[in-house]
Amino acid sequence: MEGKLQQDFPIDWEEDNYVSRREFFKFLTLASGGLALGSATMAIWSKIPREERRFEPMHIVGGGALLPGAAMSFRYPRQHDLCILVRKPSGELVAYSRRCTHLSCPVNYEPDKNRLYCPCHNGAFAVDDGSVLQGPPPHPLPSILIEERNGEIWAVGVTLKEGS
Amino acid sequence: MGGRRHAEGGILNSQHPGRQEQKSIVFGALLAFILILVMLQLWLFVAAFENMLAGHYEVALPAGIASVAILLINVWMLVGINRLDSAD
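Chains as they are written, first to last, in our numbering: chain A, 14 to 177; chain B, 33 to 120.
If you're looking for bench data, these hints aren't it; they were derived computationally from the structure.
From the three backbone atoms N, C-alpha and C, an ideal C-beta is built for every residue, glycine too.
Just so you know, not all the hints are guaranteed correct.
Derived contacts from chain B toward chain A, CB cut-off under 8 Å, selection only [unchecked claim]:
| hint | residue |
| --- | --- |
| 1 | PHE59 |
| 2 | LEU63 |
| 3 | LEU67 |
| 4 | GLN73 |
| 5 | LEU76 |
| 6 | ALA80 |
| 7 | MET84 |
| 8 | TYR89 |
| 9 | LEU93 |
| 10 | ALA95 |
| 11 | VAL100 |
| 12 | ILE102 |
| 13 | LEU103 |
| 14 | VAL107 |
| 15 | LEU110 |
| 16 | ILE113 |
Could you put together the complete structure from these sequences and hints?
The following block contains the structure:
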């Protein structure tokens, strides 16, 4: 221990292992390489297509019997991923993540205003495409891919829109 | 300037006595420059990372290209310094 201390903090100036400017230059170049590697990795990562992710299909119980202008909640793809299935007045079914992209409050369907509304901070999303209509949400709602199989509704994946 | 001799007849370390001083100044300038470039790289990295976490992936590619370009400049400078040393 004492030997190590004397090595790190020698009495004689000549014994001090100071870092030369050249070594510092090499160290900075090495750090530069690390930062470039990290940035390049992020650049490659950003180009990986992630718009549409397929998960194991899940039957949405009661989805097929949903009346026009009504909505129901379900969880997909994981148990804590809250989603909302909406049957528009036209009869078309759409599904979105129910978590507001602002602070994750659950959104509610408002059929009279044709929107998904977040009561926490007055955020609202379009039912047609999940885009932000008003309020602080920074991104559209991720939409859930659904399929109709023999009159039953199945969730099969998640689609992230631009900026999601 | 060049070829000054000691009284004993030996040649100074360099052919040009002022050259060491010149090199030292150049080296200091390059060191300051690489410090600025590495700080710029650090800023680019943090900016790209923050934007990615916020879901803005479009920033990452220009930041990555700029960062690699800076690395090439730094490596070029390092090679230049080594070459300068070996030339003496």
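Right, here's what the structure says about each hint:
1. Satisfaction of the interface hint for PHE59/B is found here, the shortest Cβ-Cβ separation to chain A being roughly 6 Å, below the 8 Å cut-off.
2. A distance limit of 8 Å between C-beta atoms decides the matter here; for LEU63/B the minimum to chain A is near 6 Å, and the interface restraint holds.
3. A distance limit of 8 Å between C-beta atoms decides the matter here; for LEU67/B the minimum to chain A is near 7 Å, and the interface restraint holds.
4. Residue-level restraint check for GLN73/B holds (minimum Cβ-Cβ distance to chain A is 4 Å; threshold 8 Å).
5. Proximity of LEU76/B to chain A holds as hinted, the smallest CB-CB distance being about 6 Å (cut-off 8 Å).
6. For the restraint placing ALA80/B at the interface with chain A, the shortest Cβ-Cβ distance is roughly 5 Å, inside the 8 Å limit, so the hint holds.
7. Look at MET84/B: its Cβ gets to within about 6 Å of chain A, closer than 8 Å, so that hint holds up.
8. For TYR89/B, the shortest C-beta to C-beta distance to chain A is roughly 4 Å, which falls under 8 Å, so the interface hint holds.
9. For LEU93/B, the interface hint holds, the least distance from its beta-carbon to any beta-carbon of chain A being 5 Å, beneath 8 Å.
10. Checking ALA95/B against chain A: minimum C-beta separation of about 5 Å stays under 8 Å; hint holds.
11. The interface hint given for VAL100/B holds, since its Cβ lies 5 Å from the closest Cβ of chain A, which is under the 8 Å cut-off.
12. Using the Cβ-Cβ criterion of 8 Å, the hint placing ILE102/B at the interface with chain A is satisfied: the shortest such distance is roughly 6 Å.
13. With 8 Å as the threshold, the beta carbon of LEU103/B comes within range of chain A, its nearest partner Cβ sitting at about 4 Å, so the hint holds.
14. Because the closest C-beta pair between VAL107/B and chain A is about 6 Å apart, less than 8 Å, the hint holds.
15. Interface restraint check: LEU110/B against chain A, minimum CB-CB distance 5 Å, threshold 8 Å, status holds.
16. Hint status for ILE113/B relative to chain A: holds, with the closest Cβ pair at about 7 Å, below 8 Å.
Checked against the numbered hints given earlier, this structure breaks none of them.
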